[in-house]
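Based on these hints, arrange chain D with the ligands on the given structure of chain G.
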Amino acid sequence: MSDNDPQRIAIETRVNGTSVHAEVESRTLLTDFLRQDLRLTGTNVGCEHGVCGACTVLFDGEPVRACLIFAVQANGHTIETVESLANSEEELHPLQEAFREAHALQCGFCTPGILMSLAPDLDEIAALDEDAIRERLSGNLCRCTGYQHIVDAIQSMNPEADGD
Amino acid sequence: MKPPVFEYHAPGSTDEALALLGEHAWEAKILAGGQSLVPAMNFRLASPAILIDINGVDELSGIETAADGSLRIGAMTRQNVVESSDQVRAAAPLLHKAMPWIAHPQIRARGTLGGSIAHADPAAELPAVMLALGAEFHARGPSGERAIPADEFFFGLLMTALAPDEMLTAISIPAQAPRSGTAFVEFARRHGDYALAGVAVTLTLGSDGTCESAALGLLSVSEAPMLAVQAASALVGTAVELSDAEGAAELAAGEIDPTGDLHASADYRRHLVRVLVRRAVVEARAGIEDRG
Ligand SMILES: Cc1cc2nc3c(=O)[nH]c(=O)nc-3n(C[C@H](O)[C@H](O)[C@H](O)COP(=O)(O)OP(=O)(O)OC[C@H]3O[C@@H](n4cnc5c(N)ncnc54)[C@H](O)[C@@H]3O)c2cc1C
Ligand code: FES
Ligand code: FES
Chain G
1 MSDNDPQRIA IETRVNGTSV HAEVESRTLL TDFLRQDLRL TGTNVGCEHG
51 VCGACTVLFD GEPVRACLIF AVQANGHTIE TVESLANSEE ELHPLQEAFR
101 EAHALQCGFC TPGILMSLAP DLDEIAALDE DAIRERLSGN LCRCTGYQHI
151 VDAIQSMNPE ADGD
Chain D
165 MKPPVFEYHA PGSTDEALAL LGEHAWEAKI LAGGQSLVPA MNFRLASPAI
215 LIDINGVDEL SGIETAADGS LRIGAMTRQN VVESSDQVRA AAPLLHKAMP
265 WIAHPQIRAR GTLGGSIAHA DPAAELPAVM LALGAEFHAR GPSGERAIPA
315 DEFFFGLLMT ALAPDEMLTA ISIPAQAPRS GTAFVEFARR HGDYALAGVA
365 VTLTLGSDGT CESAALGLLS VSEAPMLAVQ AASALVGTAV ELSDAEGAAE
415 LAAGEIDPTG DLHASADYRR HLVRVLVRRA VVEARAGIED RG
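Note that the protein sequences, when read in sequence, are chains G and D.
All letters in the first sequence, in the order written, are residues 1 to 164 by my numbering.
All letters in the second sequence, in the order written, are residues 165 to 456 by my numbering.
This is chain G alone, in the form it adopts within the complex (with noise of 0.2 Å):
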């Protein structure tokens, strides 16, 4: 049944909110299927190895790896990537605005897969001691801060903590 032409699958998937028909290659994998198929680049690619997380996105609400999934895998499942986060230019997500305020990012490469890794437990995340934020950050590589600010913008967002 295989001949020497890539496969190509037909695939049926929600990204942000929106349904998307498309066709992929067999190999493709999903960071290139948003990148290049969907323009949506806010999601990077560092290390295709699945040890920086700058890739990081929400499949099925859950915080995974792109770089570790075939687009194919994506027919019939949700994936939210960072462009989901903001309303609009103007209004950021209160996370993103918390990562401005506190000076949480300098490149910025590896700003989309950690809010990625962190929007869906927030509440839970910015309420935990520093170690344990840390912990939490375990899994996206940082290049440049040093981390220190990127824990004061979540520590930022504590519920249980009068803001000052």
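Quick caveat, the hints were computed from the structure, so don't treat them as lab data.
The reader is advised that the hints may include incorrect statements.
[Unchecked claim] Partial pick of chain G residues on the chain D-facing surface, computed with a CB cut under 7 Å:
1. Pro6
2. Ile11
3. His21
4. Ser26
5. Arg39
6. Thr41
7. Glu48
8. His49
9. Gly50
10. Glu62
11. Pro63
12. Arg65
13. Leu68
14. Val72
15. Ser138
16. Gly139
[What the hints assert, rightly or not] Per label pair, the in silico range of CB-to-CB distance:
17. D/Ser177 with G/Val20: 25 to 31 Å
18. D/Ala254 with G/Pro120: 24 to 30 Å
19. D/Val393 with G/Cys144: 26 to 32 Å
20. G/Asn75 with D/Met323: 43 to 49 Å
21. G/Pro120 with D/Leu321: 34 to 40 Å
22. G/Cys144 with D/Arg343: 51 to 57 Å
The beta-carbon is built from N, C-alpha and C at its ideal position, and this holds for glycine as well.
For chain D with the ligands alone, kept in the frame of chain G given last:
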């Protein structure tokens, strides 16, 4: 890099998956969580001609507790589901304790219990834990189903007792015996990295308060995940005092066959095993008193 061209199949049942595997065994690979296979494909270390994606086979995931308290966990059960399962915490505390040491939350959201066992990385936590738990693996192939005890499953570097046309379907774990304690300890440079060495221990005391049985699974210190058999049998019959733990640690350090690499020399791994076995045995023993 990008993965090589392959033919993709997404069967909806175990039977369908097995039929595909039977047809293509030597050129096909099962795709479970993909957290080891896809990086290997992206780096062209693996180039299967055919992938059989079993993520759509619902019957392969789920956790059941049997009447005798033992667990049966489907091969496709995600690592983060095992991690947060109350059934697992109750029947197999050792497994519950070990789960957070595997990689990062984003990896455990996709990675599966069966995938880690079938992959049989000597540096992985789960194979060593399964050895210490005395788990049994259920495999299905063209000639039907068979159960393989954990200590007959791991052969060498990434090698298992599974035939190319067989797949792992479920894992059985006996309920933790009364008057027993467990511990999992490992040393890694950074939490989430593969450990330089690690130890999983199960200890059971008899009615006279001495050790009736012991099992020590070791990771990252040999070609394959292994049981420290001499160390475990030396503990049997003792009261598991600190000196007994030290004796077992010394024996374990002699039983392993570590290799040196970029991350740690063979001598350093031996040293780690000595320290970690002692700590793990002491912790497992202390856990028994906690339970009253
Ligand atoms: C950055 C990173 C860090 C990691 N750190 C750790 C760590 O610290 N400790 C650790 O233990 N693991 C670690 N892992 C690996 C992770 O736990 C994997 O999930 C696991 O090794 C493989 O499980 P999987 O379900 O992803 O399997 P896959 O990658 O899909 O498959 C792995 C292999 O097993 C075979 N296979 C899978 N399921 C079956 C089955 N049911 N029957 C027969 N064969 C099967 C596949 O064909 C393949 O050869 C890490 C991974 C990454 C990317
Ligand atoms: S690009 Fe996916 S983890 Fe680095
Ligand atoms: S801000 Fe540059 S990598 Fe994190």
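Verification of the hints:
Hint status for proline 6 of chain G: holds, given a least beta-carbon distance of 5 Å to chain D, under 7 Å. Look at isoleucine 11 of chain G: its Cβ only gets to about 11 Å from chain D, farther than 7 Å, so that hint breaks. Annotation: interface hint on histidine 21 of chain G violated; nearest CB of chain D at approximately 17 Å, more than 7 Å. A least Cβ separation of about 4 Å between serine 26 of chain G and chain D falls short of the 7 Å threshold, and the interface hint therefore holds.
Nearest Cβ of chain D to the Cβ of arginine 39 of chain G: about 19 Å, over the 7 Å cut. The hint is violated. Against a cut-off of 7 Å between C-beta atoms, the interface hint on threonine 41 of chain G is violated, since the closest Cβ of chain D lies about 17 Å away. Satisfaction of the interface hint for glutamate 48 of chain G is found here, the shortest Cβ-Cβ separation to chain D being roughly 5 Å, below the 7 Å cut-off. Interface restraint check for histidine 49 of chain G: the shortest CB-CB distance to chain D comes to about 5 Å, inside 7 Å, so the restraint holds.
Because the smallest distance between the Cβ of glycine 50 of chain G and any Cβ of chain D comes to about 5 Å, under 7 Å, the interface hint for this residue holds. Because the closest C-beta pair between glutamate 62 of chain G and chain D is about 5 Å apart, less than 7 Å, the hint holds. Hint status for proline 63 of chain G: holds, given a least beta-carbon distance of 5 Å to chain D, under 7 Å. For arginine 65 of chain G, the interface hint holds, since its Cβ comes within 7 Å of a Cβ in chain D; the closest pair sits about 6 Å apart.
With its C-beta approaching chain D no nearer than about 4 Å, leucine 68 of chain G sits inside the 7 Å limit, and its interface hint holds. The interface hint given for valine 72 of chain G holds, since its Cβ lies 6 Å from the closest Cβ of chain D, which is under the 7 Å cut-off. For serine 138 of chain G, the shortest C-beta to C-beta distance to chain D is roughly 5 Å, which falls under 7 Å, so the interface hint holds. Checking glycine 139 of chain G against chain D by beta carbon gives a least distance of about 3 Å; that is within 7 Å, so the hint holds.
The beta-carbon spacing between serine 177 of chain D and valine 20 of chain G, approximately 27 Å, falls within the hinted interval of 25 to 31 Å. Distance hint check: the CB atoms of alanine 254 of chain D and proline 120 of chain G are about 27 Å apart, consistent with the given range 24 to 30 Å. In this structure the hint that valine 393 of chain D and cysteine 144 of chain G lie 26 to 32 Å apart at CB is violated, the actual value being about 49 Å. Our hint of 43 to 49 Å for asparagine 75 of chain G and methionine 323 of chain D is violated, since their Cβ atoms are close to 33 Å apart.
Here the CB-CB span from proline 120 of chain G to leucine 321 of chain D is close to 37 Å, well matched to the stated 34 to 40 Å. Checked against the given bound of 51 to 57 Å, the beta carbons of cysteine 144 of chain G and arginine 343 of chain D, roughly 53 Å apart, stay inside it.
Comparing the model with each numbered hint stated earlier shows that hints 2, 3, 5, 6, 19, 20 do not hold.
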